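Enquirer: As a plain string of letters, each chain reads:
There are 2 protein chains.
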Amino acid sequence: MTDIDEAEAARHREKMKKRKEVQDAEVASKAIAEKGLLIVHTGKGKGKTTAAFGLALRMLGYGKTVGVVQFVKGAWHTGERDAFAAFGDRVRWHSMGEGFTWETQDLQRDVAAAEAAWAQAKALMADPDVALLVLDEINIALRYDYLSLADVVETLRGRRAGLHVVATGRNAKPELIEAADLVTEFEAVKHHFAAGVKAQEGIEF
Amino acid sequence: MTDIDEAEAARHREKMKKRKEVQDAEVASKAIAEKGLLIVHTGKGKGKTTAAFGLALRMLGYGKTVGVVQFVKGAWHTGERDAFAAFGDRVRWHSMGEGFTWETQDLQRDVAAAEAAWAQAKALMADPDVALLVLDEINIALRYDYLSLADVVETLRGRRAGLHVVATGRNAKPELIEAADLVTEFEAVKHHFAAGVKAQEGIEF
Chain A
76 MTDIDEAEAA
86 RHREKMKKRK
96 EVQDAEVASK
106 AIAEKGLLIV
116 HTGKGKGKTT
126 AAFGLALRML
136 GYGKTVGVVQ
146 FVKGAWHTGE
156 RDAFAAFGDR
166 VRWHSMGEGF
176 TWETQDLQRD
186 VAAAEAAWAQ
196 AKALMADPDV
206 ALLVLDEINI
216 ALRYDYLSLA
226 DVVETLRGRR
236 AGLHVVATGR
246 NAKPELIEAA
256 DLVTEFEAVK
266 HHFAAGVKAQ
276 EGIEF
Chain B
76 MTDIDEAEAA
86 RHREKMKKRK
96 EVQDAEVASK
106 AIAEKGLLIV
116 HTGKGKGKTT
126 AAFGLALRML
136 GYGKTVGVVQ
146 FVKGAWHTGE
156 RDAFAAFGDR
166 VRWHSMGEGF
176 TWETQDLQRD
186 VAAAEAAWAQ
196 AKALMADPDV
206 ALLVLDEINI
216 ALRYDYLSLA
226 DVVETLRGRR
236 AGLHVVATGR
246 NAKPELIEAA
256 DLVTEFEAVK
266 HHFAAGVKAQ
276 EGIEF
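As they're listed, the protein sequences go chains A and B. Here the first sequence stands for residues 76 to 280, where the numbers follow the working numbering. Here the second sequence stands for residues 76 to 280, where the numbers follow the working numbering.
Keep in mind that the hints were calculated from the coordinates and are not lab data. Mixed in with the good hints there might be a few duds.
Claimed, not checked - As a list, the in silico EDC-like pairs of lysine to aspartate or glutamate whose alpha-carbon atoms are at most 20 Å apart:
#	chain 1	residue 1	chain 2	residue 2
1	B	Lys265	A	Glu101
2	A	Lys110	A	Glu81
3	B	Lys139	B	Asp99
4	B	Lys93	A	Asp181
5	B	Lys139	B	Asp204
6	B	Lys139	B	Asp157
7	B	Lys139	A	Asp181
8	B	Lys119	B	Asp204
9	A	Lys265	A	Glu253
10	A	Lys93	A	Glu81
11	B	Lys92	A	Glu101
12	A	Lys265	B	Glu276
13	B	Lys119	A	Asp157
14	A	Lys92	B	Glu250
15	B	Lys119	B	Glu229
16	A	Lys110	B	Asp204
17	B	Lys95	A	Glu81
18	A	Lys265	B	Glu250
19	B	Lys93	B	Glu109
20	A	Lys273	B	Glu262
As the list claims (entries may be wrong) - Derived list of chain A stretches under chain B, where covered just means 3 residues or more per stretch with a C-beta under 8 Å from a C-beta of chain B:
#	stretch
21	82-88
22	164-173
23	231-245
24	268-278
Note that this is a predicted model, so its numbers are computed, not measured. The beta-carbon is built from N, C-alpha and C at its ideal position, and this holds for glycine as well.
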C-alpha cells in the first residue's frame, strides 16, 4: 500500500471511529472489578503449558510470585525452568511427575505422585504470596482418575480471592470447565511432527 | 483412588506398555532433524501472544537470544516487557505499534508504523544471534493490508536455516498458514469478559 487517497483515509477514519465506540462501550460495561481467575488451557494443540508460563512471566514482570506444580513432567530438564531461575524465589517450582504414564507403567506409583503434587498445590494455594499458580498437566491426572475430581474442583472453587490458577492438559473435565472463568481450547491446525520434524530444544522442551 | 488390586495394576501396566510402543515408534519415525519453524498462533481465544512469549522464555533458558517486534501494541506498558528485562540484551524488544487501529483512526499512520515494524523484523531475521523471532500481531497488519502479504510470506519462507519465527494474531492469512510448519488455533470456549470481569494486571497486560 503506497498511495492512500483522501476518500479512502476518510472512510477508514469513520469505520475505526465506530469500532472505537463499540470497544469503549464494551470496556465500560465491565461491572465486576478484579477477580482471581480459574483458567483452563485444553485441547490437542501445542502451547497449553507454554501459554501458562507466559502468564507466569507477565506476573513476574509486576513483581509478583508464582507457583508451578508439574503433575506429569518431572524427569526431564526444560528451558523454561532454567529461565525462571532468573527470578529467584519468586518462582516456586515443583516438578512432581514421574514422566508420562506410559513411561512408568506403574499405576500405584502414578497415583502416589499425583497425590503428592496435589498436596503441594494446596500448600501453594494457601500461601498468600502466590499470585498465580500453574497446575501443569493436572488434566492428565484427572483424566486417569489419579486424583478425586470432586476434591480438586471444590478446592479450586474455594480458592482465596485474588488467586489466579491455570490448569493445563488435554481432555479437561466438564466439571472443571464449568468451574472455570476462562477456557481456551488449543486446536492443532498443522503440526510439524506430522511432517517428520523431531522435538527440539526451545520449542518442545 | 486408594485401593488398587493386582489385576487392575497389571491391566494398567499392559495398556501403558502398548502405549509406550506406539509412542516410541512415532518418535523413531521422525526423519527430519532440527529445523527452524514458522509457527502461527491464531484464533479468537486468549493466549496467542502469551504462548509466543512462553516460547521465548524457553529459548532464553537455553542461553539463546530472542527478538520481539510488536506490530500493534506499543503505546502501553506490559508485565512481560519488564520481566524480559531480567535477560538483558538477550531480548531485543521493539514495540512498533501505535495501538489498535480503532485508537489511531489514521490509516496512513498505521501503514507507516507497520512498515517500520516489518523493516525491524527483517533486520532481526538477518541477525545470526537471534534464535527465535516473535512477530506479535503481524496478522492484524496483514489483515488490514498494511503490509504486502506476498513480501511477508516470501521473506518468511526464505528465513535463514535454524531461525524460529512465531506470528501471532487473529485471522491468519491462508497463505501464511500454508507456509507455516506449526499452526495452533486458540479457540475461546469461555471468557471472563462475558461474565463482566475487566482486564487486569498480569492476566491481560
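Enquirer: Against each hint, give a clear statement of whether it holds in the structure.
Expert: Cross-check of the supplied hints:
Note on Lys265(B) and Glu101(A): the hinted pairing holds, with a Cα-Cα distance of about 17 Å set against a maximum of 20 Å. A distance of roughly 45 Å separates the Cα atoms of Lys110(A) and Glu81(A); the hinted pair therefore is violated under the 20 Å criterion. Using a Cα cut-off of 20 Å, the hinted pair Lys139(B) and Asp99(B) is violated, with the two alpha carbons roughly 29 Å apart. The straight-line distance between the Cα atoms of Lys93(B) and Asp181(A) is roughly 13 Å, inside the 20 Å bound, and the hint therefore holds.
For the hint pairing Lys139(B) with Asp204(B), the CA-to-CA distance comes to about 8 Å; that is within 20 Å, so the pair holds. This hinted pair checks out: Lys139(B) and Asp157(B) have alpha carbons roughly 18 Å apart, not beyond 20 Å. For the given pair, Lys139(B) sits about 37 Å from Asp181(A) by alpha-carbon distance, which is inconsistent with the 20 Å threshold. Restraint check for Lys119(B) and Asp204(B): the C-alpha separation of about 33 Å exceeds 20 Å, so the hint is violated.
Restraint check for Lys265(A) and Glu253(A): the C-alpha separation of about 29 Å exceeds 20 Å, so the hint is violated. A distance of roughly 19 Å separates the Cα atoms of Lys93(A) and Glu81(A); the hinted pair therefore holds under the 20 Å criterion. Between Lys92(B) and Glu101(A) the CA atoms are separated by roughly 52 Å; this puts the pair beyond 20 Å, and the hint is violated. Distance hint between Lys265(A) and Glu276(B) is unfulfilled; the C-alpha atoms sit about 32 Å from each other, more than 20 Å.
Only pairs whose Cα atoms come within 20 Å are accepted, and Lys119(B) paired with Asp157(A) is rejected, the gap being roughly 31 Å. At most 20 Å may separate the alpha-carbon atoms for a hinted pair to count; Lys92(A) and Glu250(B) exceed this at roughly 30 Å. Between Lys119(B) and Glu229(B) the alpha-carbon distance is near 26 Å, which puts this suggested pair outside the 20 Å criterion. Between Lys110(A) and Asp204(B), the direct Cα distance comes to roughly 41 Å. Violation of the 20 Å bound is thereby established for this hinted pair.
Using a Cα cut-off of 20 Å, the hinted pair Lys95(B) and Glu81(A) is violated, with the two alpha carbons roughly 64 Å apart. In summary, the hint linking Lys265(A) to Glu250(B) is supported, as the alpha carbons are separated by about 13 Å, within the 20 Å threshold. The hinted pair formed by Lys93(B) and Glu109(B) fails the criterion: a straight-line CA distance of about 28 Å is larger than 20 Å. A threshold of 20 Å between alpha carbons decides the hint, and for Lys273(A) with Glu262(B) the separation of about 26 Å lies outside it, so the pair is violated.
Evaluation of the coverage hint for the stretch 82-88 of chain A: fulfilled, as 4 residues show C-beta separations to chain B shorter than 8 Å, against a requirement of three. Judged by the Cβ-Cβ criterion of 8 Å, the stretch 164-173 of chain A is not covered by chain B as claimed, because only 0 of its residues qualify and three are needed. Given as covered by chain B, the stretch 231-245 of chain A fails the check, having 1 residues with a CB less than 8 Å from a CB of that chain where 3 are the minimum. With 10 residues having a Cβ less than 8 Å from any Cβ of chain B, the stretch 268-278 of chain A passes the three-residue criterion, so the hint holds.
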